[in-house]
Amino acid sequence: MRSTGFRRTFVALSAGSLALALTSCGSGDDHSAGGKTRITVNCMPPKSAEVDRRFFEQDIASFEKQHPDIDVVAHDAFPCQDPKTFDAKLAGGQMEDVFYTYFTDARHVVDIHQAADLTPYVKELKSYGTLQRQLRDIYTVDGKIYGIPRTGYSMGLIYNKKLFEKAGLDPEQPPATWAEVRADAKKIAALGDGTVGYADYSAQNQGGWHFTAELYSQGGDVVSADGKKATVDTPEGRAVLQNLHDMRWTDDSMGSKQLLVINDVQQLMGSGKLGMYLSAPDNIPILVKEKGGDYKDLALAPMPGGKGTLIGGDGYMVNKKASPEQIRAALKWLDHMFLTPGAGFLGDYARARKADAPVGLPEPRLFTGAADAKDQQVKKANANVPVENYQAFLDGNQSLDMKIEPPHAQQIYSVLDGAVSAVLTKKDADIDQLLKDASTKIDGILARG
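Quick note, the sequence shown lines up with residues 394 to 842 if you use the working numbering.
Worth flagging that the hints you see were computed from the coordinates, not collected in a lab.
Take the hints with a grain of salt, since some may be wrong.
Said to hold, decoys possible - Cut-off 25 Å, straight-line C-alpha distance, at most; resulting in silico cross-link-like pairs (DSS-like, lysine-lysine): (1) K537 x K714; (2) K580 x K666; (3) K714 x K519.
Unchecked claim - Label pairs and their calculated CB-CB ranges: (4) D788 x T761: 15 to 25 Å; (5) D836 x S649: 29 to 39 Å; (6) K829 x E683: 35 to 45 Å; (7) T478 x N656: 17 to 27 Å; (8) D586 x D619: 48 to 58 Å.
In this text, a Cβ means the ideal position worked out from N, Cα and C, and glycines have one as well.
Work out the full structure, taking the sequences as your base and the hints as a guide.
Printed below as a string of structure tokens:
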């Protein structure tokens, strides 16, 4: 799951969706009137995201100047991918030539035969060999390459340094285990005046998403390695729910208001009334720019538990109808826009800083080797946020197992929402029964494929 599909260093967009162009998006004709190779691409920021939109248009213009034989037609949207219409657009031939996907989409798009095989062309993507292998592998199915990663994220623990100090805790020593999270949350909640020690999501599939992250942190998994059976009814799964139940009902450190979603929790943190919650680094600028938070007060630690963390991200795939010329043009466009260290829509840190966008957030590294060194050098030179607040996150991630979201993630998250919401709203919730019921339902989802 993701908050936006756009540049994560800028302010989040409004919640309303913007309609895509009504004209056909697919590859009916791969040449423009001037004889150029034409590609349609999506995930252009809408006009309401003024800075993002301007940068995206600037980068397309510079690409077309460097490649006068290619015409890029961009379509805007928020969100970049709507799960309600994604499959229908693919099946109806309305999908762009180059289209945005979450990591969890890759296998599905290949299974329904809607992605072009990029394997014969990927040698023409200059940056491909510099990308993190675990991210490249997400778009590799049965030895063939069907997509290119664009960004990645991993979950961690955002915490309020000011509240830690006020509660007598050391803000430079964030909790490393769930027992420590519980103990710290209790002390923070004891400050009173509506202060919440720890908050978690439990609605709109977001509770299931966080259950998964917390399960990974305990060393567990949601489904078996072969993807055929649920693995939530385990000691690790029980530990996740028991911990939430005890913080909510025994410690009263999670507040009385439950069934929270991301906006509720961000509002709490931004207002200075929340000690900790799980999140990716991209939440930090939202907390500051939209919710009233301050960069100096917001720090990021690795996932408690020390065993694993949930990773996600996005990338681009190419429509199966694309011609060889369009595939080659698409790869050149991706190199220019997203995959050149220190440049492009996501990597031009100097430009971002001039636009008063935060630079220096601890996003997981996309590149390796010399490309990574260059990207980090440019990022550090333009940093305008307190990077020391995120060092624990960067250091701790080195020893964690990085695990992608499960197959059929949204359906599974919907099931797990029920278990999480139950323990947070019912003091007498039967955890064993909740896990058994969730396991049965997830087995059914996996069986249906």
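Range hint compliance [Cβ, K829 to E683, 35 to 45 Å]: Holds: the Cβ-Cβ distance is about 40 Å, inside 35 to 45 Å.
Is the gap between the beta carbons of T478 and N656 within 17 to 27 Å? holds, 23 Å
Agreement of K580 and K666 with the hint, judged by alpha carbon distance not exceeding 25 Å: holds, 13 Å
Distance restraint between K537 and K714, which requires alpha-carbon spacing of 25 Å or less: holds, 17 Å
Given pair status - K519, K714, alpha carbons within 25 Å: With Cα atoms ~23 Å apart, K714 and K519 stay inside 25 Å; holds.
Just tell me: holds or violated, for the beta carbon distance of D788 and T761 against 15 to 25 Å? Roughly 19 Å apart at Cβ, these two residues keep to the hinted range, so it holds.
Does the Cβ distance between D836 and S649 fall inside 29 to 39 Å? holds, 34 Å
Using the C-beta atoms of D586 and D619, is the stated range 48 to 58 Å upheld? Hint holds: Cβ distance 51 Å, inside 48 to 58 Å.
The earlier numbered hints are all upheld by this structure, with none contradicted.
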